[in-house]
Structures are given as C-alpha cells and as structure tokens.
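Novice: Take the sequences, apply the hints, and build the full model.
Position one of the sequence shown corresponds to residue 501 (our numbering), numbered consecutively onward.
Simulated from the structure, these hints should not be mistaken for laboratory data. A hint or two may mislead.
[To be verified] Simulated crosslink set (BS3-like; lysine-lysine; CA at most 25 angstroms straight-line): (1) K704 to K691; (2) K539 to K550; (3) K799 to K704; (4) K719 to K642; (5) K691 to K756; (6) K534 to K550; (7) K704 to K755; (8) K674 to K755; (9) K674 to K719; (10) K550 to K594; (11) K691 to K755; (12) K746 to K674; (13) K642 to K550; (14) K719 to K755; (15) K755 to K790; (16) K538 to K594; (17) K756 to K799; (18) K668 to K642; (19) K756 to K746; (20) K790 to K668; (21) K642 to K664; (22) K668 to K746; (23) K746 to K799; (24) K790 to K746; (25) K755 to K799; (26) K691 to K799; (27) K674 to K664; (28) K664 to K790; (29) K640 to K664; (30) K668 to K719; (31) K756 to K704; (32) K719 to K704; (33) K756 to K790; (34) K746 to K719.
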Amino acid sequence: MDSFLPSILNCINEGIVILTEDLRVTYWNPVMEKLTDKKQDDVRNIRIEKALPYLDQNFFHNAVDRVIAGGTPVFFSAAMHRRMISDSHQVNLKMNRVAYNNGVAILLEFIDVTNQFYQISQLRDFVRQLSHLNSQLQQKEKVIEKLAYYDQLTGVANRALFDKFADKYLNLAKQSGLMLGLMFVDVNEFKTINDTYGHNTGDKVMTRVASLLTESTRKNDIVCRYGGDEFIVLMPEISTFNDYRKIVNQIDVNKKRHIVQDGYDISLSLSIGVSFYPDDGETIDELIEKADECMYADKHESRHG
Numbered sequence: 501m502d503s504f505l506p507s508i509l510n511c512i513n514e515g516i517v518i519l520t521e522d523l524r525v526t527y528w529n530p531v532m533e534k535l536t537d538k539k540q541d542d543v544r545n546i547r548i549e550k551a552l553p554y555l556d557q558n559f560f561h562n563a564v565d566r567v568i569a570g571g572t573p574v575f576f577s578a579a580m581h582r583r584m585i586s587d588s589h590q591v592n593l594k595m596n597r598v599a600y601n602n603g604v605a606i607l608l609e610f611i612d613v614t615n616q617f618y619q620i621s622q623l624r625d626f627v628r629q630l631s632h633l634n635s636q637l638q639q640k641e642k643v644i645e646k647l648a649y650y651d652q653l654t655g656v657a658n659r660a661l662f663d664k665f666a667d668k669y670l671n672l673a674k675q676s677g678l679m680l681g682l683m684f685v686d687v688n689e690f691k692t693i694n695d696t697y698g699h700n701t702g703d704k705v706m707t708r709v710a711s712l713l714t715e716s717t718r719k720n721d722i723v724c725r726y727g728g729d730e731f732i733v734l735m736p737e738i739s740t741f742n743d744y745r746k747i748v749n750q751i752d753v754n755k756k757r758h759i760v761q762d763g764y765d766i767s768l769s770l771s772i773g774v775s776f777y778p779d780d781g782e783t784i785d786e787l788i789e790k791a792d793e794c795m796y797a798d799k800h801e802s803r804h805g
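Specialist: As structure tokens, then:
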C-alpha cells in the first residue's frame with residue numbers, strides 16, 4: 501500500500517507536504533511545486549522553515565508541538581497569514597498528525613484560495629462601485645426632486661409640492677383641532693417692474709420676495725410660488741391668531757419698501773390675503789379662494805389708500 505501513496509497524493513489538487521517529527525520534508529507533491537516553484541528534489545530532507553521561510557515563526561512551532569502532543573488538527577487561514585508560501589498565492593493550511601509504525605509524521609495541506617481572494621477583491625470593488633453608483637443616483641434623485649417640487653427661479657416650493665403638503669396639513673388640522681392658515685401674497689405692479697427694469701432684474705426681485713417670505717415664516721411653514729407674481733404660504737398648527745400675527749407682522753415690515761437691485765431703486769409693494777381652516781373653508785380650494793378675495797381687497801386698499 502505504501503508504494504501507492506505517492507501516486508495517490510500526486511493526484512490530490514492541494515499542496516501536500518509530509519514532514520518528519522523534526523520538521524524535515526519527506527514528501528512534496530506536484531501542486532506544491534507549482535505553488536512554490538520549488539522541486540521536491542530541492543527541498544527533500546531539509547527543514548520546512550528553510551523551504552518556506554514564513555513558517556519560521558512561533559505560531560507555527562507552537563502549532564506543531566500541539567499537533568504532535570495531542571493530535572488535534574490545526575488550521576491557519578490565508579486571511580491571517582497572507583504569505584505562507586509566496587507573495588503570489590494565498591493558501592489555507594491544515595496540519596494533522598499521522599502515526600505510522602512506531603513514528604509520527606506531520607501532514608501539511610495547503611489549499612490554494614488565491615482565486616477566492618481575487619473574487620472577494622472583485623466583489624469588494626463591485627460593492628464600492630455599486631455604493632458610488634447609488635450615491636450618484638441619490639444625488640440625481642435629489643436633483644429630479646428639486647426639479648419636480650421646487651421653483652427653478654426662486655428655490656421655494658412649486659405648486660406640485662404645495663398640493664402635496666396642503667392635503668397633509670389640512671388632514672393634520674382636522675385631526676388636531678388646530679387652525680391651518682393660508683396666506684396669499686401678490687407682488688404689486690410686477691409687470692411694470694419687468695417692463696421698466698427688464699426681466700433679468702424682475703427675476704431677481706421675485707427671488708428677493710421669496711427670500712423675504714421664507715425668512716419671515718416659521719420652519720414648518722411652506723412658502724410656495726403659486727404663479728408668476730403670486731406666492732402662497734401654508735401655516736400649519738396655528739393655536740391662536742397671535743401665532744399668525746407674529747408671522748404677518750414680520751412680513752408687514754417689508755410690505756412696502758424700496759429695494760436696490762442691479763443699481764435701480766425699486767418700489768416693492770405686496771398685497772396679502774389670509775384665510776383659516778375651519779373658519780373660512782373646509783377644503784384647500786375654499787381657503788385659497790377666500791385668501792385670494794382678501795388679497796384683492798388689500799390690493800384695492802393699497803391703490804386707493
């Protein structure tokens with residue numbers, strides 16, 4: 501049977517090394533020759549640490565002592581020991597004691613996992629690329645959302661986002677019993693501003709109005725550009741009219757003022773109308789209609805006041 505042993509071991513698709521008890525190489529199969537570029541004749545009868553210098557360490561010698569003493573197999577992973585046989589091959593190592601006649605031999609099995617490491621590396625690269633792609637997609641989603649829900653000129657909410665939040669806030673008002681305020685704001689004589697100073701300056705004036713409204717309202721209020729020169733402000737969770745007065749007072753400060761834009765001294769005037777759920781309507785459309793009426797009354801008053 502012993503005469504067949506080398507032939508059998510030569511067929512195993514692992515690096516097989518058999519050591520004497522004093523760690524000298526007695527067998528080194530063809531797979532080991534490929535993994536190490538060292539022929540069996542070159543390493544036979546020399547100590548394993550000379551054939552594989554990486555193994556000349558305490559972890560290996562301690563493992564050998566444990567295997568010889570107790571016979572319990574030992575395993576070393578390529579993840580922990582990257583260069584057990586060479587820089588180009590990653591291997592796992594299994595170590596077993598083999599008893600024969602009156603002696604003991606040590607069987608080393610080197611399992612080549614280089615391809616697995618390569619595949620893991622490829623997988624990590626793929627995950628990184630996927631993460632990067634996901635990040636790009638999220639950024640694009642934000643851009644798309646901004647295009648879909650925000651006014652491109654002023655940066656405040658557009659009508660699509662207003663519709664989305666209006667129903668949400670109305671339902672919250674119905675559930676909580678608090679008021680929902682809706683403010684309709686119109687920039688007076690905006691066509692005259694455009695005709696007098698040009699559309700580019702007019703656009704900047706509109707952007708400043710949007711900023712003024714945003715700065716004057718609360719964090720949860722929604723400022724929306726509803727039309728060319730019209731804004732709507734949704735004011736949820738109003739407990740008393742004093743909550744509303746605090747907001748409108750801040751806007752009133754800038755309701756009529758002169759601003760300097762592009763070197764022009766421009767007279768800016770706003771007309772404001774407000775409605776409240778549930779006093780002025782049960783639906784958003786009813787609240788808009790009521791606020792619009794109040795805004796036009798305010799506009800008429802400013803023209804004839």
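Novice: Check each numbered hint against the structure and report the violated ones by number, ascending.
Specialist: Violated: hints 8, 13.
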